[in-house]
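2 protein chains.
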Amino acid sequence: MENGIPDKIVVAVDTIILAMGQSGLEVMLVKLKNKPYENCWALPGSVVGVFESLEETAKRILVKRVGDSRLHLEQLYCFGNPNRDARGRSISVAYFVLLSNKEKVNSHLTEQYLDMKWFNVNNLPEMAFDHREIVKVAMEKLAYKLDEIEIIRPLLPTKFTLSELQRVYEILSGKKIDKRNFIKKVKNDEMVVPTMEMKTGEAYRPAKLFRFK
Amino acid sequence: MENGIPDKIVVAVDTIILAMGQSGLEVMLVKLKNKPYENCWALPGSVVGVFESLEETAKRILVKRVGDSRLHLEQLYCFGNPNRDARGRSISVAYFVLLSNKEKVNSHLTEQYLDMKWFNVNNLPEMAFDHREIVKVAMEKLAYKLDEIEIIRPLLPTKFTLSELQRVYEILSGKKIDKRNFIKKVKNDEMVVPTMEMKTGEAYRPAKLFRFK
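In order, the protein sequences belong to chains A and B.
All letters in the first sequence, in the order written, are residues 1 to 213 by this note's numbering.
All letters in the second sequence, in the order written, are residues 1 to 213 by this note's numbering.
Next comes chain A alone, as it looks inside the complex (with noise of 0.2 Å):
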């Protein structure tokens, strides 16, 4: 600091992780432990490391939070307002991740954290920093970018019904979708094809199986 202008700017990146949950589409957040945010709510994040990419500080989180690095992560965007962090300047490049199940997250909480929970992504808590403005952004992304198998894959089961598929659209969306003209355009598509098998067990009919291509 020189006075009082930081003379430097801080480098994080912070990460959306999202799954499918009973409540819909879930992220998680961690509860924060020192002041000036302690007790507030944030996504899971890490300053970059001197010697490590982008990519590298948020595969780190990933393995910490999740514990799997594996998963396909994908760059959001970097924010980067000055007054985004109260202890100085700050810029994060987010990074967002879908989970195929949430139930098998090899989670724990660690010191730096005080809590941990997911949360439905219509029904955040008051955030940190910019962090809901993260998840807005993080949303819309989804949205725009509905068509992609990489998207969709990773929150559904392998074989699924097209109402199951449906729903995932609809959440990703925000929209409700006339379930006539989400047939027509799955099969347009041509993103999935399907099984001999049929979903059966619940209070349904039977429905038939598909998977991605």
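Derived by calculation from the structure, the hints in this document are not laboratory data.
Be careful, since some hints might not be right.
[As the list claims (entries may be wrong)] The calculated label-pair distances, taken between Cβ atoms and stated as ranges, are:
#1 B:Asn123 / A:Met198: 55 to 61 Å
#2 B:Glu148 / A:Phe212: 22 to 28 Å
#3 A:Gly67 / B:Gly67: 49 to 55 Å
#4 A:Glu55 / B:Asn122: 37 to 43 Å
#5 B:Asn181 / A:Leu114: 57 to 63 Å
[Stated by the list, open to error] No farther apart than 27 Å at their CA atoms in a straight line, the calculated lysine-lysine pairs in the DSSO-like style are these:
#6 B:Lys141 / A:Lys136
#7 A:Lys208 / A:Lys185
#8 A:Lys185 / B:Lys184
#9 A:Lys185 / B:Lys102
#10 B:Lys145 / A:Lys145
#11 B:Lys35 / A:Lys8
#12 A:Lys213 / B:Lys175
#13 B:Lys175 / A:Lys185
#14 B:Lys33 / B:Lys102
#15 B:Lys185 / B:Lys175
#16 B:Lys185 / A:Lys179
#17 A:Lys176 / B:Lys145
#18 A:Lys145 / B:Lys175
#19 A:Lys185 / B:Lys141
We treat Cβ as the ideally placed atom computed from N, Cα and C, and that holds for glycine.
Since the structure of chain A is already known, use the hints to place chain B on it.
Just chain B, lined up with the frame of chain A:
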């Protein structure tokens, strides 16, 4: 520096300034003055000021290079490989902008650079840092966003023929497009509307002029 390990990461913004030229899509490059990149070509850039947002830095560069800050800027990606800059650890947040008229650019050489030139994006010189890769990523993004009007609009005059529109699509996608399919697509997308005018005075038969909706 401490034991040869840099204790901070420099945050820079680099701009990919694009315009249509005689040769197709062209990018503005500057020739660097200082070692170790003396005489190397690079994208115009700047270190982010302590009180500036990333977008403000990008606008500052634009004003200096093209004399206009009201252009549609878009963040491309944040590049952060540890070895991308021989002078020390730095990250670059890249922004791209599409100019409607290269000839109108009110540009001038400043003491910062040795030279400034437009290069066809498919015929770039040797470039400093990872700037060649940055241009490549920008081209991929443009091809991906080809159907967004903000991408296409600046590259055409107010009124244009369908052949001119097709040429822009071909240049941005890097692919030859079948004329009949293109006309079908244009009609489906409802992105353009016909005007009452015709383009004449060239070696071809007169063609209908269109404008964006």
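Given the proposed pairing of A:Lys185 with B:Lys102, does the C-alpha separation stay at or below 27 Å?
-> 41 Å, violated
Given the hint that B:Lys185 pairs with B:Lys175, test it: the Cα-Cα distance must not exceed 27 Å.
-> 15 Å, holds
Is the straight-line distance between the alpha-carbon of A:Lys185 and that of B:Lys184 27 Å or less?
-> 19 Å, holds
Look at the Cβ atoms of A:Gly67 and B:Gly67 and judge whether their distance stays inside 49 to 55 Å.
-> Cβ of A:Gly67 to Cβ of B:Gly67: about 53 Å, so the range 49 to 55 Å holds.
Below or equal to 27 Å on CA atoms is what counts here, so check B:Lys145 against A:Lys145.
-> Holds, at about 11 Å.
Between B:Glu148 and A:Phe212, does the beta-carbon spacing fit 22 to 28 Å?
-> Given range 22 to 28 Å: holds, Cβ gap about 27 Å.
Range agreement (Cβ of A:Met198 with Cβ of B:Asn123, hint 55 to 61 Å) | 57 Å, holds
Restraint check for B:Lys35 with A:Lys8, where alpha carbons must lie at most 27 Å apart = Distance ~23 Å between B:Lys35 and A:Lys8 Cα, so the pair holds.
For the pair A:Glu55 and B:Asn122, does the Cβ-Cβ distance stay inside 37 to 43 Å?
-> With a Cβ separation near 28 Å, A:Glu55 and B:Asn122 fall outside 37 to 43 Å, so the hint is violated.
Pairwise hint evaluation, B:Lys102 against B:Lys33, where the allowed Cα distance is 27 Å at most | 24 Å, holds
With a cut-off of 27 Å on the C-alpha distance, tell me whether A:Lys208 and A:Lys185 pass.
-> 17 Å, holds
A:Lys176 paired with B:Lys145 [C-alpha distance capped at 27 Å] | The given pair, whose Cα atoms are some 25 Å apart, holds under the 27 Å limit.
The earlier numbered hints that this structure contradicts are 4, 9.
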